[in-house]
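Single-letter residue listing:
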Amino acid sequence: MNKVKTPDDLKKLREDLQGKIKLRESGGHPESIVQVRVAMATCGIASGAKEVMTFFMEELEKRGIDAMVTQTGCMSYCYAEPTVEVTLPGKSPLVFGFVNNRKADEIIEKYIKNGELVDGIIPVTYHTITEKQQEV
Amino acid sequence: MNKIKITIDNKPIEVDPGTSLLKAADTVGIKIPTLCYLHLEDLNIENKPGGCRICVVEVAGRRNLAPACATQCLDGMIVRTNTMRVLNARKTVMELILSDHPFDCLICAKSGQCDLQKLAQDLGIREIHYKGEQSHYKEDRSPSIIRDMDKCILCRRCEMMCNDFQTVGALSGINRGFMAVVATAFEQDLVKSPCTYCGQCVAVCPTGALTEVDHTNQIIRLLANPKKTVIVQTAPAVRAALGEEFGLEPGTLVTGKLVSALKQLGFDYVFDTDFAADLTIMEEGTELLKRLTNYLNGDKEESLPILTSCCPAWVNFFEEYFPELNDIPSTARSPQQMFGAIAKTYFADKIGVDRKDLVVVSIMPCLAKKYECQRDEFKVDGNPDVDFSLSTRELAALIKQANIDFLTLPDDDFDSPMGESTGAGVIFGTTGGVIEAAVRTAYELYTGKKLEKIGFEELRGMAGIRQATLDFDGLPINIGIAHGLGNARELLESIKAGTCSFHAIEIMACPGGCIGGGGQPLHHGNSQVIVARQKAIYQEDASKPIRKSHENPYIKKLYDEFLGSPLSEKSHHLLHTRYFDRSKTKVIIKKEQE
Amino acid sequence: MSKYKMNILVCGGTGCKSSASDLLAAALRTELAERGLSGEVQVVVTGCFGFCEQGPVVNVLPDNTFYIKVKPEDAVTIVSEHIIKGRKVQNLLYTDPATQTKVDGSGAIDFNKKQLRIALRNCGFIDPEKIEEAIARDGYAALARVLTESSPEEVIGIIKKSGLRGRGGGGFSTGLKWEITSTVEADQKYVVCNADEGDPGAFMDRSILEGDPHTVIEAMAINGYCTGADKGLVYIRAEYPLAIERLKTAINQAREYGLLGKDILGSGFNFDIELRYGAGAFVCGEETALIHSMEGNRGEPTFKPPFPSEEGYLGKPTNVNNVETYANIPPIILKGADWFSSIGTEKSKGTKVFALAGKVNNVGLVEVPMGTTLREVIFEIGGGIKDGKKFKSVQTGGPSGGCLTEKHLDIPIDYDNLIASGSMMGSGGMIVMDEDDCMVSVAKYYLDFTVEESCGKCSPCRIGNKRLHEILDEITKGNGKPDDLDRLRNLSEVIKDTSLCGLGQSSPNPVLSTLEHFHDEYMAHVVDFKCPAGQCRDLMIYTIDAANCVGCTACARVCPVGAIAGERKEVHSIDQTICIKCGACLEKCKFNAVLVS
Amino acid sequence: MSSIKIELHENQVKELVEVCRSFNNEAGELINVLHKAQGIFGYLPAEVQEIVARELKVSVAKVYGVVTFYSFFTMVPKGQHPISICMGTACYVRGAEKVLDEFKRKLKVPVGETTPDGKFSLNCLRCVGACGLAPVVMVGDKTYGRVSPDGVKEILAEYA
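Protein chains in written order, with this note's numbering: chain A, 60 to 195; chain B, 502 to 1095; chain C, 6 to 602; chain D, 1105 to 1264.
Hints should not be assumed to be uniformly reliable.
To be verified - 25 Å max Cα-Cα, derived DMTMM-like pairs, lysine to aspartate or glutamate: (1) A:K64 x C:E138; (2) C:K593 x D:E1201; (3) C:K253 x D:E1119; (4) C:K482 x D:E1201; (5) A:K109 x C:D489; (6) C:K340 x A:E90; (7) B:K632 x C:D478; (8) D:K1246 x A:E110; (9) C:K253 x C:D235; (10) B:K693 x D:E1154; (11) B:K954 x B:E878; (12) A:K109 x C:E250; (13) C:K535 x C:E592; (14) C:K309 x B:D576; (15) C:K586 x D:E1206; (16) D:K1202 x C:D478.
Simulated from the structure, these hints should not be mistaken for lab results.
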């Protein structure tokens, strides 16, 4: 990878990256994609987040859904681990709690495929300082 | 520098910046009690962990009490040392310390000399409100030192002496919380550690946790045994310190009373280790001259400097840490061991007593001597040349037990022949003394000229490492002196690194030399005591009619009648020794199975 | 696309569940089915909305209408009025206490959003192993701005003005700390990140390191720039393997991008970071102990002064801040000191992350503005007490803190208020206790911890805490005396007053605060020899209620010491001389026949 | 302390010496070295501490002082499956003590010891920061959350 040599380099890099993310998230764009983030902090992993992440990766591929499955840190809902955030193109992200393989299957079939809500959504209970807000 | 103005107990004080509250209070007669704190000012030794919390005082504006030892005066500070809050805190902390301390004061070796006991008395502790579980550790008995860590209050003084001052590293704080204590690696016995038995841990221990192995009972029994001839030798530093045990001012010489007391105790002959010190000079001085001559003649095999070898803790130290230098120190035995070897041969023959029935006792300022006399190379068929070594403190205890009123004793003289000595023998008791004694003789032997000025002021003092270049009639001789094993290590490292070169080096393990030995009356943190003893030693030297070892007529006679000459075969056999590598790692490594 | 036109979200958080939210959901489903709307309107049970005091909570989408305190019988109204007629049910709407107006939810719905994420802003949003995701969310932008636009003095000025105080417990002004380190002259300086999170029950630092390691790296670099240090050290618990891995990865990525190393962003500023591992010693959270530990020594604290900012790691000026403190730095730089200081209370600015745990429904990390009340945190964000039990106490500040009660619930949380109420902020542990928790045992638990973790260097902490623990132990065993309480108090005060470091200076707080707030409970132990919470085994007596016992023999079979005798189908009895009070019989009995007193 | 000298494998010793070298044999790296050493040997017997002391040129007493200060370091070999019960506050108030008691009863060993067959060792742990899952038990690297005394049997059965 290229070194970031000046503040302008950094700014340009940031804008590039943000642009790509926007494209991924915007509905209808050819580069848009379903994004699944699995909270993989210690608590999450201990509650089975790894298995859930594997399930998502394998099943989404098997079921022919173009999706990006990534890990992320603690979403702070420790009582509801494992937690998974799903962002459909053009939509606000949704967080699901207590996700096991069965729940993951339901999320894929109902929410990811049809946009139907399923039980276990965790409403957002906080403000953040970044522009990206999720709203149910 | 601008003075700082503070108020302690309503007394205004001006002090230099950097002064601690403890020292500042002291200047106006306010003695804040301490326990873990130790400052041997003249020796640059300080222990200030701030751990015991006895010296806490109230500083206006601060949330918590402050330890006076570790708190620096700041301008405008208002300090109270005796408020209700301070007194309650101090007493409570003291009660806590006592609650984890055995209550066996009456039979404790340290009773009457114990800082903790005195403090409990001063603070008026009459009850312990917080009794509970006490910490217990395995007792450890080595040839010299007993460690009863149940009595440890974690002042860390021993750890500081062992590591910072001596760099021996036998001790460390271990565990944590309630079971924290100072111990050896793996809590093994001292004998399995790199301990040199210098006894400086004992010298600074405020409680009975560290004491010397007590041999007084064996001595009482032997003195009562009519079949045994019991003779005693007393080291030079003992006479400059023993008086302190009987309330005399530090630095009071009590040579005559010492001899009287020993005779009254029933020793058959009372001799002087100074005699053997003169003998040591003959052997070591001759060895120095021989090695110096070889070296100057270009003998590649010969290496300098020569290192003194009369300090047994130092011998243990270099065997452990500098085994590669084992051929550098003089092979001469220490005066204690030379005395023993001569006593059990020459003198035993003279009085017609079998060596098995002749008991040699030494009175030493030292605890390592207890270990030294048990070394195998100083035994003949299992019979040691020196049977028992008592510390100055043990002798005082013995005198008290024998109902002897030390202060009213008349002066007496050492017995002949091994009680006759010179001023050179006396100064063995202080740092710089052995090398000065050696130089007095070596100069005259080397140059064939008479010394104009016998005292070598340039070799004296209390600095940890000293060096001087002496003029041997045109030949410059570089002398190095170190006391304290940390200083010795520094000097040796610089020799190994080639950054300095000496012809001869004197090393003593204890601060100030033997006068500050681990077996001396306790200084209780006052280094002036050691300085006073040093003065006394030089005073005794100056008062001696003969001040050069080679002029001691009885030494001459010993060579004439028995040894022949210095470094003769007989001398080698009786007066010299060899050193062992004690550094080897003890790890067993298993070869891989194929 | 979803076949549903509308969704009715019913909170299924534990708090709402206990107020019958599941019955409500069922009622809504039945009502929808009866009206033939099941194909168009869906009922979704969700996690906690963080508004449990007002539960059960219902949110109707897409118009985003919140209903509170909804009972199962309200299902009919919601469906007939809101779903069918499109009219909001006024009496179920939330009333804003400030304006006394009904919040109908069409505007910004944030009455349930007590939290504000500054330190946790990226946790759960980025892949911590991809620096690009951090950069996309403004990672290293603050560093870039600092290096190009500001002098170290200016940056320190911003941090000072922001009012940020150390989040590790002490609450010392971060800007002032930086300033002191920056003004000391030295050939080498260090900045250290204290990641030896040790308070039992606090895990926010771990979460930040696992979720957003770059923010720590960036902030340390800014700190280095300000103080004149080119070397940073992270002292991290070895028990946090995942955090270590992610931090290592992040450091390597930052190096590859040139955001660590020589001449960062062409500014001429050099900075790099190394890791040092803790090895399980709570006291190493104290900065002098931490520094000794980093130097390879026993982690024993030393007297301050000298402060680490003057004489720290290897004797060089060293600035130590904790993870959460660092995580606040980049936003302060980017959004300004005024923005930050507009959040919080007069003397405590910004937010604080709490690790909410214990007998609370929504265990988790909570980041709230300073000044939020304990009630809001526990009962709204935290969803109230588990299993519908009664709130008894909340412990803040870990072993250094105290136990607060009902009467403290409405105090705005900040450094000074917590200290004034006998507790402290600490690193942000917040453990909720209910009626089943014995406060004497809780105090004993904390002392157990302190005794275990005291380094042993100073006598009051080494021996005093042991004695406190022993006295508490005797009390819980029924051997206490009324004057033990005076002894506890005096000893606690002396330990606080005389100990060498913060550990001992605060370790008696759990004892003092419980003594003050739960005096009656202590008295019950030492006068009546009873444990009101029923937790102290030795004070309990198990008996069998003849009225309920059916003689099933289950208790006799489960008793590990054979203390229960009785024939089948006859009333059993417990031999008190043998009973070890293990409680096995109580758990086994299906007929409520085992009584505890 | 047992006085029996244990034998170390040559390749492990070589690895340890190499570790010390990788830290430039600096005394200040003692704790980092001990972490690696415990990684190699599983624990820190006296012999390993002696090698570390020799390589870093510090006293063995100091190494021992450091090893006994930090709870992460152990001089007792752990069981094949080391069991650690979190004793953090969250776990405590949610009944960790009862879980610990159950482990003690099932394994018949006190805390800090290993079963005679060397299979399990039982230890308490400071907070592992998984308070959301309290009470937490770790077996090796695997974390078990929300463990009840009844669940102990199942956990042990996994390693039977």
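Assess, step by step, whether the Cα of K586 of chain C is no farther than 25 Å from the Cα of E1206 of chain D, and give holds or violated. 15 Å, holds
Does the alpha-carbon distance linking K1246 of chain D and E110 of chain A stay inside the 25 Å limit? With Cα atoms ~13 Å apart, K1246 of chain D and E110 of chain A stay inside 25 Å; holds.
Within 25 Å, alpha carbon to alpha carbon, are K340 of chain C and E90 of chain A? The given pair, whose Cα atoms are some 32 Å apart, is violated under the 25 Å limit.
Taking 25 Å as the top limit, are the C-alpha atoms of K954 of chain B and E878 of chain B close enough? 39 Å, violated
Mind checking the alpha carbons of K693 of chain B and E1154 of chain D for me, to see if they're no more than 25 Å apart? 13 Å, holds
Just to be careful, I want the Cα atoms of K64 of chain A and E138 of chain C compared with a cutoff of 25 Å; is the pair within it? Within the cut-off at roughly 19 Å; holds.
Holds or violated: K1202 of chain D to D478 of chain C, with C-alpha atoms at most 25 Å apart: Measuring from Cα to Cα gives roughly 18 Å; hence the hint holds.
Is the hinted pair K309 of chain C and D576 of chain B satisfied, with a Cα-Cα distance of at most 25 Å? Since the Cα atoms of K309 of chain C and D576 of chain B sit roughly 17 Å apart, the hinted pair holds (cutoff 25 Å).
Pair hint outcome, K253 of chain C versus D235 of chain C [Cα-Cα no greater than 25 Å]: 18 Å, holds
Given the hinted pair K632 of chain B and D478 of chain C, is their alpha-carbon gap at most 25 Å? 14 Å, holds
Measure nothing beyond the straight line between the CA atoms of K109 of chain A and D489 of chain C; if it is 25 Å or shorter, mark the hint as holding. 52 Å, violated
Is the Cα-Cα distance between K593 of chain C and E1201 of chain D 25 Å or less? With a Cα-Cα distance of about 19 Å, the restraint between K593 of chain C and E1201 of chain D holds, given a limit of 25 Å.
In this structure, the earlier hints numbered 5, 6 and 11 are contradicted, and the remaining ones agree with it.
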